[in-house]
Structures are given as structure tokens and as C-alpha cells.
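Residue numbers (our numbering), protein chains in the order written: chain U, 8 to 235; chain V, 383 to 630; chain L, 3 to 207; chain S, 39 to 105.
The set of hints was computed from the structure by calculation and includes no laboratory data.
Where is the CB? At the ideal position from N, CA and C, for every residue including glycine.
One thing to keep in mind: the hints can contain errors.
Between beta-carbon pairs, the in silico distance windows are [as the list claims (entries may be wrong)]: (1) Arg170(U) x Val165(L): 34 to 44 Å; (2) Phe425(V) x Gly23(L): 32 to 42 Å; (3) Trp507(V) x Leu76(S): 50 to 60 Å; (4) Met584(V) x Cys215(U): 55 to 65 Å; (5) Ala526(V) x Asn47(L): 28 to 38 Å; (6) Gly23(L) x Leu76(S): 25 to 35 Å; (7) Trp406(V) x Ala88(S): 40 to 50 Å; (8) Trp507(V) x Cys215(U): 45 to 55 Å.
No more than 27 Å apart at the CA atoms, straight line, and that leaves these computed lysine-lysine pairs for DSS-like [unchecked claim]: (9) Lys469(V) x Lys626(V); (10) Lys81(S) x Lys557(V); (11) Lys626(V) x Lys169(U); (12) Lys621(V) x Lys81(S).
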Amino acid sequence: MTAPAAGQFCLRLLRRQLLLAVRRPVEIGNPLLFFAMVVALFPLGLGPAPGTLAGFASGVLWITALLSNLLTSDAVFRSDFEDGSLEQLLLAPQPLFLSVLAYIGAHWLTTGLLLALVSPVFALMLNLSTAALGALVASLLIGTALLSLIGGIGASLTVGLKRGGMLISLLILPLYMPVLIFGSAAVQAAVSGLPAGPYLAILGAMLCLAIALAPLAMAAGLRISIDA
Amino acid sequence: MWPIFHKLGSPPWLYAIAGSILRWLLPITLLALVTGAVWGLLFTQPERIQGNSYRIIYIHVPAAVVALAGYYVMALAGAVSLIWRMKMADVAMKAAAPVGAAFTFIALFTGAIWGKPTWGTWWVWDARITSMLILFFLYLGVVALYEAFDNKEAASKACAVLSLVGMVNIPIIYKSVDWWYALHQGATIKFTGESSIDSSMMYPLLLMIGAFYALFTCCLLLNMRVEILQRESRTQWVKKLATKAGRP
Amino acid sequence: MPSSPTGAPLLAARSLCLERGGRQLFRNLSFDILAGQLWQIEGSNGAGKTSLMRILCGLSRYGYEGSVERHVPFLYLGHQSAVKALLTPRENLAFHVSGEGQYGNEQIESALAEVGLYGYEDVASHTLSAGQHRRVNLARLLLSDTSLWLLDEPFTAIDTAGVDALQALLASHVAAGGAVVMTSHQALEVACDVHVLNLGAGATV
Amino acid sequence: MYFDSLQAALEMQGHGMFVWPAYSVTIAVIALLVITPLLRRRKVLRQLEAQARRAQGAPAGRAGGER
Numbered sequence: 008m009t010a011p012a013a014g015q016f017c018l019r020l021l022r023r024q025l026l027l028a029v030r031r032p033v034e035i036g037n038p039l040l041f042f043a044m045v046v047a048l049f050p051l052g053l054g055p056a057p058g059t060l061a062g063f064a065s066g067v068l069w070i071t072a073l074l075s076n077l078l079t080s081d082a083v084f085r086s087d088f089e090d091g092s093l094e095q096l097l098l099a100p101q102p103l104f105l106s107v108l109a110y111i112g113a114h115w116l117t118t119g120l121l122l123a124l125v126s127p128v129f130a131l132m133l134n135l136s137t138a139a140l141g142a143l144v145a146s147l148l149i150g151t152a153l154l155s156l157i158g159g160i161g162a163s164l165t166v167g168l169k170r171g172g173m174l175i176s177l178l179i180l181p182l183y184m185p186v187l188i189f190g191s192a193a194v195q196a197a198v199s200g201l202p203a204g205p206y207l208a209i210l211g212a213m214l215c216l217a218i219a220l221a222p223l224a225m226a227a228g229l230r231i232s233i234d235a
Numbered sequence: 383m384w385p386i387f388h389k390l391g392s393p394p395w396l397y398a399i400a401g402s403i404l405r406w407l408l409p410i411t412l413l414a415l416v417t418g419a420v421w422g423l424l425f426t427q428p429e430r431i432q433g434n435s436y437r438i439i440y441i442h443v444p445a446a447v448v449a450l451a452g453y454y455v456m457a458l459a460g461a462v463s464l465i466w467r468m469k470m471a472d473v474a475m476k477a478a479a480p481v482g483a484a485f486t487f488i489a490l491f492t493g494a495i496w497g498k499p500t501w502g503t504w505w506v507w508d509a510r511i512t513s514m515l516i517l518f519f520l521y522l523g524v525v526a527l528y529e530a531f532d533n534k535e536a537a538s539k540a541c542a543v544l545s546l547v548g549m550v551n552i553p554i555i556y557k558s559v560d561w562w563y564a565l566h567q568g569a570t571i572k573f574t575g576e577s578s579i580d581s582s583m584m585y586p587l588l589l590m591i592g593a594f595y596a597l598f599t600c601c602l603l604l605n606m607r608v609e610i611l612q613r614e615s616r617t618q619w620v621k622k623l624a625t626k627a628g629r630p
Numbered sequence: 003m004p005s006s007p008t009g010a011p012l013l014a015a016r017s018l019c020l021e022r023g024g025r026q027l028f029r030n031l032s033f034d035i036l037a038g039q040l041w042q043i044e045g046s047n048g049a050g051k052t053s054l055m056r057i058l059c060g061l062s063r064y065g066y067e068g069s070v071e072r073h074v075p076f077l078y079l080g081h082q083s084a085v086k087a088l089l090t091p092r093e094n095l096a097f098h099v100s101g102e103g104q105y106g107n108e109q110i111e112s113a114l115a116e117v118g119l120y121g122y123e124d125v126a127s128h129t130l131s132a133g134q135h136r137r138v139n140l141a142r143l144l145l146s147d148t149s150l151w152l153l154d155e156p157f158t159a160i161d162t163a164g165v166d167a168l169q170a171l172l173a174s175h176v177a178a179g180g181a182v183v184m185t186s187h188q189a190l191e192v193a194c195d196v197h198v199l200n201l202g203a204g205a206t207v
Numbered sequence: 039m040y041f042d043s044l045q046a047a048l049e050m051q052g053h054g055m056f057v058w059p060a061y062s063v064t065i066a067v068i069a070l071l072v073i074t075p076l077l078r079r080r081k082v083l084r085q086l087e088a089q090a091r092r093a094q095g096a097p098a099g100r101a102g103g104e105r
């Protein structure tokens, strides 16, 4: 029986990851709960006045989405590393950088996508003007995919380390900053009535670059972590 | 592989050549640093608008320039060690990280101090200073990742990957911070713009930039020599070197 | 005893040297694995058996001198059982990450039955014992048709009946023209002759 | 020299308290950057020398990797 083609193998991996995620539905809720709680912190910290909150809303929503993505990025490869499946993945004949895309795709579907769809609720809580909701969801859809890809690089480098949790944030937060800049800029543009298109276009360009280059770095990172 | 590239790979040869370069480069660098600093501090005219506080430019701009160049040196050394598996390239990358971080710290510290008389606040979110801060985090990330691995061979490979990822991201970070700065601040003056200073102030600046590049090279070579000794501590030539270690 | 198998080696190792923590584990170790051979790598704990296996299968690529060429697809069973606790044995084999092949349900069921897991196909793996996890992993030997098997301590946590069945499986695989390289502390009672590679003395065969 | 006295040079019309600390911190960091590798090198060499002496002096049985 010949080994499945790379694309088919990727789809099989994606189904496997989604099946694993569905087996623990509560864990899918964790990033969303984190998002809700941190968004609720800001009115407590900055005062409930709708005016001030509206001013901060785009930044707060984006920073919270970024942090919840960071939290879940660490676990993308860790469970497979612990029970030895990651070693088998490295030995698979299919190209590793495509298989890794399946892991990141599953991670995005279970965290980023849901976050983007849920974010309008929290935007209204922070009194974000309704005109900006569309831009918010669009920028989060593209942005969280980008964050998952970059987070995957950090995860692949720290998967072998016992105390990799804190380290991953130091490694990849600097790489998250351009995404935050253009993501919240898109929402702010929509708030002040300007077109959010150009910022979303730049986010899209970054996403394409990340889809092309991040898997290579992740594959190299995994091979190094497994070899250590 | 042409011989010079191959020779670069052998530790004792590299250790010796680094030592001989340092013997003449280090004194010259220190001399250039002193003359440049004294020239910039005491002999040039104060700037029309900022007065004497602009004299900090003679250490802020060179440090910033070399800090950025240092990251590229580190990333390229990492690439060479990953692609051609040269141990000495690992040593160069490992040695470059702390030196680059130190230069970035100098640039940040002097930039912050310069902000006080010019803008009235200790920390100003100017585009260049913010990019420099992110570069500092990138350096710390590489140093922290290296320390997190027990197996130092894997550590340097992982750091090579991280510094390459960082190198790809630096232009993106710098452009997006510039865009962010223009987006939010509008066209306020950029106090680190080089164009406005006239020629009498430019010469000491060029001298200091050259001196800082030479200083980076010296520190890199110094750190590499120590790193080579530690990594090759079980080889014969290091033992021989250690036994007649009477000389400095 | 089949005549000494000629033809291209399935795996060629050339002058492997590995040094760990100041100790020379092995030095210029060279050997060829030919079809129809069963190799057993012996050595005391810490002699570098697992390290050698990881070098042979390509998991560790740095930190050693010498070269390893693998000319055929191979199957590596490591220390860990690579079984996801959240999935059932059937799902573990159907969605296996080693990317060997797409197995139908009957194949998986017959393989699981043969390794003594009949009736456990759809039980969540976290309720199974460690030994049963390893048997799910061993079921992959029955499913895959790769000729070269690299097995790291395949007998751990397997009961005596399982060990005998596994030894019979190895013998039949080797007789059918496959090749097996395995590490184990137990002496093998197998129908075919065993090439022993002892790492303790660092000798080459 | 632009300043006519040492005192004027120290004050720099009020900006001295920013320029001089900046330079002194820079000099301190540069000194650190140059001196620590030299000290580390001497320490490593001394360690190796001691190790070599122990290895020669020790009887054959106990020789071998110290670490």
C-alpha cells in the first residue's frame, strides 16, 4: 500500500487534530473564556465610562486576542511530543513542512476562528462603534491565522524544553508586534470611518509570507527539538 | 570549498588568527573611541535647536547602527552553521548575541536620556527607539533560548533558526513601527534624523560609527576565543595552550 | 538458513562515532543491513543503544560523525508507544502520523485481533494498560508492508505470550526477505540466525 | 576647545547632567564588554591548567575525565 500523497496526508492529520480537539470540548472554550475575562478587566482598570472604553476598544480586543493565541500556541506540538507521535511524524515520508501546516490549521480552527466570530460580543461590551465590527472580525480572522503560524515557530523551538511556557512568549512576542500594529490600525480606521481595506491587505500579505516561510522554520525547529 | 573558508572551520587556526587581529585592532579601536568622544563632546559646536544635548548623538547613533548590523552578523553566522554545519560559525553566533544585546542597550539608554532634555519625558515612543526596543527583545529571545537547552549543540541550532526568523522579521518590524509612528503621531520632528546636522558635526560621528564597528568586531573575537577554549577544552592543542599559560 | 542474501543493503552505516558527556560510546562503527537479516544490538545501560537506533532511523542528525544511508522505507518503533490516549486504538491506527498507508477497517481489526486486542478496538485508549498501548503500536508491524523494521526495546511491557508471538512475527518477516534491527536485553529464541552487535566492547561485527 | 573652562564643560549650559551620565554608562558597558571575555579566558585557562596538572599528577587508575 503506497504512502498517501502529501495533500491527502495533511487532510488526514487535520482530521486527527480536530478529532483530538473535539474529544476535549472544554479545552476549546479555554481561550474564549480567557478572552472574555481579560476584556472584562479593562473596564475595571480604566473605569466604566463608555467614552474612554470606546477609545481603547480596538487595542484592547486585539491585544487580548493576541495573548489568548499566545497561551494556546505552546500546546500545539507538546502533547504529540510527550507520547512519541511527533517522532513518528518526523519519520513520515511526506514533507514535514506541509504536515506542520495541518497542525497549525487545526490550531487556528479551534482557537483563532472561534475568537474572531465571538469578538463582536466583546466589542459591544467595550462600546466599540458598530461600524467597526466588520473590520474587527476580518482583521481577527486574518490576524489569528498569522499569529498561529508565528506561534507555531516558537512552539517548535521550545517543545522539547521542560519549562518552555514562559520562554515562548519572549521568543515570539516581538514577532507578533507588526500583526498587532496593523490589526488594531484596521479597526481604528473603521471606527473613524476610513476604509480598513489597506490594513487588511497588509495583514493578508504578511499571512502569505508566513504561510510560505513559517512551516520551513517550524520543520527545522521540530527536527532540532527532537534531536536534542 | 575554497581553502580560506575551509580554514575558518579549524578551531586552533581561528583562535590564533583572532588573537593576532586583536593585538593590533583593540588598541586602535580604543584610541578611535577616545578621540571621537572627546572630539564630539568638547570640540564641536552645539546644535542650534537642541544645544549641547545633541552630543549624545555620537554614541546613540553608532550604537544603534552597530546593534542592528550585529543582529545580521549573528543571523548569518547561524545560517552558515545550519547550512554548512561549521562549528566555528556556531561559536561566532553564540559570541555575537550578548555583544549585540549590549550595544542595543547602549542605544536604548542613551536614546532615553536624550529624550529628557529634548522632549521632557524619560521615554519617548519615537519610531526608531521603539524598533530598537523590539530588537533588544529579539536579542534577549536568542540568548534565553540558548540558555534553555541542555544540549548545547541543539541550542545553537535552535538559536540559528530563531535568529534567521528574526532577520526576516526585522525589516517588517521596522517598517510597521515607522508606519505606526506616522499613523499616530503625525509629522512631529524626528529628533534622530541625521540629515539636519552640518559637516563639522558629521566627521566625529563617522569616526565614532567606525570605532563602534571595530569595537563590535573586537568584542566578537574576544568572546569567540573564550568560546573556542571552552568547546575544545578536551583537545590536545588547548591542553598544550593551558600548560604554558604563563604568558597573558 | 537462507543463503547469505546479496544485493544492495537496505541500510548502510559508515564509520559512526558518537561521544556523549566525555565518553566515547562507539567509534567508527560500520555495517550493512541486508534483506533477510535479523540484527540485535546489545550493550549495558547507557552504552548508546537507543542513541544508535535514533541515528540509524535519522531522528538525530547532528552530534555524531559518520553517515547512514537508508535505501528503503522503514518503520521505527521507539521507546514511547505513540498512542494518543484520547483516541481509540482503531482511530490511532487509522489516523497514524507515520504516514505509511491508508488502512481500511478490516485490516485494522484483523491486526488488532492478532496482537490480542480483539474487542478493544473502540475503547478509549486512556482506559488501556501500558502493555496494551505497546500492542497497538506493534499492530503497525502487521499493517505496514515496509521491509526494514527498526525496533527499540520492542519486548518491554509485553507478557511472555506476546513476546513469543512477536519473535515468531520477526522470524517470518525476516524469512520473507525483510530485515529487522532491534535493541533488547533478552536473548532471542528465533528460528533464524541473529547478527549480534555488542556496543559494550564497541567492537564491530 | 568649545568650552572655555572645565566647569563650563561639565555644565554644558544645563545639558551636562544628561550628556555626561549617558557617556559614563556607555563607557561602563564598553569596559564590561571588553574586560569580561578577557577575565573568562584567564579563568578557563587556569581551570584547564589545574585539570591538566591533576591528570598528570594522579595515578593512572584515577585518571580520566574529571567532569
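To see whether the hints hold, each was checked on the structure:
{"no.": "1", "hint": "Arg170(U) x Val165(L): 34 to 44 Å", "result": "holds, 39 Å"}
{"no.": "2", "hint": "Phe425(V) x Gly23(L): 32 to 42 Å", "result": "violated, 58 Å"}
{"no.": "3", "hint": "Trp507(V) x Leu76(S): 50 to 60 Å", "result": "violated, 38 Å"}
{"no.": "4", "hint": "Met584(V) x Cys215(U): 55 to 65 Å", "result": "violated, 42 Å"}
{"no.": "5", "hint": "Ala526(V) x Asn47(L): 28 to 38 Å", "result": "holds, 34 Å"}
{"no.": "6", "hint": "Gly23(L) x Leu76(S): 25 to 35 Å", "result": "holds, 29 Å"}
{"no.": "7", "hint": "Trp406(V) x Ala88(S): 40 to 50 Å", "result": "violated, 32 Å"}
{"no.": "8", "hint": "Trp507(V) x Cys215(U): 45 to 55 Å", "result": "violated, 29 Å"}
{"no.": "9", "hint": "Lys469(V) x Lys626(V)", "result": "holds, 26 Å"}
{"no.": "10", "hint": "Lys81(S) x Lys557(V)", "result": "violated, 44 Å"}
{"no.": "11", "hint": "Lys626(V) x Lys169(U)", "result": "violated, 42 Å"}
{"no.": "12", "hint": "Lys621(V) x Lys81(S)", "result": "holds, 14 Å"}
Comparing the model with each earlier hint shows violations of hints 2, 3, 4, 7, 8, 10 and 11; every other hint is respected.
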